[in-house]
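S.K.: Start counting at 1 in the sequence shown, then tack on 577, and there's your number in this note's numbering.
Don't read these hints as lab results, they were simulated from the structure. Treat the hints with care, since some could be wrong.
[To be verified] Here are the simulated distance ranges between beta carbons:
{"no.": "1", "residue 1": "Gly768", "residue 2": "Ala591", "range": "25 to 31 angstroms"}
{"no.": "2", "residue 1": "Leu668", "residue 2": "Asn699", "range": "29 to 35 angstroms"}
{"no.": "3", "residue 1": "Glu653", "residue 2": "Asp679", "range": "34 to 40 angstroms"}
{"no.": "4", "residue 1": "His620", "residue 2": "Ile797", "range": "40 to 46 angstroms"}
{"no.": "5", "residue 1": "Val698", "residue 2": "Val670", "range": "33 to 39 angstroms"}
{"no.": "6", "residue 1": "Pro785", "residue 2": "His695", "range": "32 to 38 angstroms"}
{"no.": "7", "residue 1": "Ala691", "residue 2": "Leu668", "range": "18 to 24 angstroms"}
{"no.": "8", "residue 1": "Thr775", "residue 2": "Ile655", "range": "31 to 37 angstroms"}
{"no.": "9", "residue 1": "Glu653", "residue 2": "Asn699", "range": "37 to 43 angstroms"}
All residues carry an ideal CB built from backbone N, CA and C; glycine is no exception.
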Amino acid sequence: MIDVHTLSPWLWIAAPLAIVFAYTIFGISGFGSTIIAVPILAHWLPVTFLVPLMVLLDMSAAMLIGSKNREHVSKEEIKRLVPVMFVGFLLGVTLLVKVDPDKLRVALGVFAVAVGVHGIVNPVLHSTISKWWSIPAGLFGGSIATIFGAGGPIYATYLGGRLHDKNQIRSTVSTLISISAFSRAVLYAIGGLLLHWTIFAGMALLAPFVWLGLKAGSRIHTGLTQTQMRRVVGILLVCTGASLLVHVFG
């Protein structure tokens, strides 16, 4: 898949820094690692290597956050979202074959920027959105996760309109990421994308930096108020959407 002997020396500096930063964001919000790390590391490594690697790292990180904050997970929202999310996985496979991925990137980018700006300007949740929004959130989030490995912004947007507790939002999003990552890992294993020692070697080498990022992000998360947390998520959504649009039009 990759020849370790031809890797750039700069990768050994860039990869730890990118992973620490990506998982600091994950530790704060419960999502965002893949969409931050992959565009950076894709300068040196093939996406076919990075996506399976990030699935394994995300699954481990999400399980770590979820296990430590299990009491904050909204079981009601998990029950609503997960069945629809699996339908979204199947829809994503169809879209991946039939629809131009750049068009999907533009749609997700515009959506993330719009929602992010709204969250920054209006960080206080005055009313709760309907539980029926779980259907489009699950479908869209599952589809985007299948195609780009980045369903977190969709889940965070929905849960941000449903839940008033920042710990509930982060823990529930990370649980959804864990379920999504595990499901995709099974699919990648069946497809042969995980059957290479370099992926597991990369996971072992980067695991300490994932832990450092999660530790830093969790500390920042603890110090944030609910309003500040919504603004941080809003900024992250804007950056996420902007990066997707730059990828298409840049």
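S.K.: Hint by hint, work out which the structure violates, then give me just those numbers in ascending order.
M.R.: 4 and 9
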